[in-house]
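From just these sequences and the hints, can you work out the full model?
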Amino acid sequence: MLMPKRIKYRKQMRGRRSGKATSANRVDFGEYGLMATGPAWITARQIEAARLVLTKALRRTGKLWIRVFPHKPVTKKAAETRMGKGKGSPEFWVAVVKPGSVMFELSGLTEAEATKVLRLAGSKMPCRTRVLAREEMQYEGF
Amino acid sequence: MAYLVEATTRSETGKGRMRRLRRAGSVPAVMYGHGDPSQLLAINAHNFKQLLKAIRGHSPIVELQLDGKTTRCVIKTIQRNPVNDELLHVDFQKVHADEKITMNVPVLLRGTAAGVKAGGLLDHLLREVPVRATIDKIPEHFEIDISEMQMGQSVHLSDLPSEDVEFILPLESAVVSILAPRKIVETTPGADAEAVPGEEAAKEPEVIKEKAAKEEPEEKKEKK
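Chains as they are written, first to last, in the working numbering: chain A, 1 to 142; chain B, 1 to 224.
Think of the hints as simulated: they come from the structure by calculation, not from any bench. The hints are all genuine.
Below are the DSS-like pairs computed for lysine-lysine, each with C-alpha atoms no more than 27 Å apart in a straight line: (1) A/K124 / A/K20; (2) B/K117 / A/K56; (3) A/K77 / A/K124; (4) A/K8 / B/K203; (5) A/K11 / A/K77; (6) B/K69 / B/K100; (7) B/K49 / B/K94; (8) A/K20 / B/K15; (9) A/K87 / A/K77; (10) A/K116 / B/K53; (11) B/K203 / A/K87; (12) B/K53 / B/K94; (13) B/K203 / A/K76; (14) A/K8 / A/K77; (15) A/K76 / A/K124; (16) B/K203 / A/K85; (17) B/K117 / A/K116; (18) B/K49 / A/K20; (19) B/K76 / B/K137; (20) A/K20 / B/K76; (21) B/K203 / A/K77.
Computed from a predicted structure; not experimentally measured.
Put into structure tokens, the structure is as follows:
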């Protein structure tokens, strides 16, 4: 499963997930993408589950881009522990996504195939998702 | 071919007023260029969406009609709501016939590559090519016939027609390639150095700060 190799601090605060995605909010690499339409913490396990679905469907014909990475550690206190005595220990890793984040992109499939497989991958996600195709012209940069 | 966009001047600015404008079916826009003061505009959202569909695959040069005057402009930026694709704002830049501008020109592929039929993977690396030229010299799009491309072959920028057009990117940049079928290419942009996909990684990653703190006391001991 995905996780950072080196980190500066073992534990992080939870943070807020307000607003919409200001970057990675369009299909930049492939032809079709899976966009989160709500805010969520995507765990490394969920990313791996979606990756397995997508790679199985792509077989040898496509290319896959995973645009989220679980940079954030989530801590949990042990079961039946009284409150206090400090923050729990890191349990798993999550990627923070906001509405509009494109999480997965792929190319090399027809629209019908891509939609079908991305919907399957979307069902592994903890938030509502939308399948979208690349815009022909993005009108940006110059 | 230039498309016509009808616009009206607007005097209102501000978040609340622009939201009301959008609710009324318009999109706030701005026109600027050539050192002239920028003009605040409003355009019809529905008509502009239709226009965007029509110019798909062509260069975004439009004739902006404002108070009976027509100005040749290029659609510079379109701001959208990333979630529902609602148009938020449009930038138009005035262009003169003798002025060189930089623009992204779409690349269209024609046909099915022989290499793809043989099981290869089509890799469309550059979907838009930034070029610099006067407005009348900028092509609508670059069309590449890929039907005879074999596995391992690539089309580079140097293969595209470049009369009166200056490419911004190096000429050896690949535009489209046919890759041999291998393992599925899987990339995690921005996290290549950190990613450990599919491997049973260590339970906790190395903490940079803790390591430095541990080393310090040992050094002190050595000095003693």
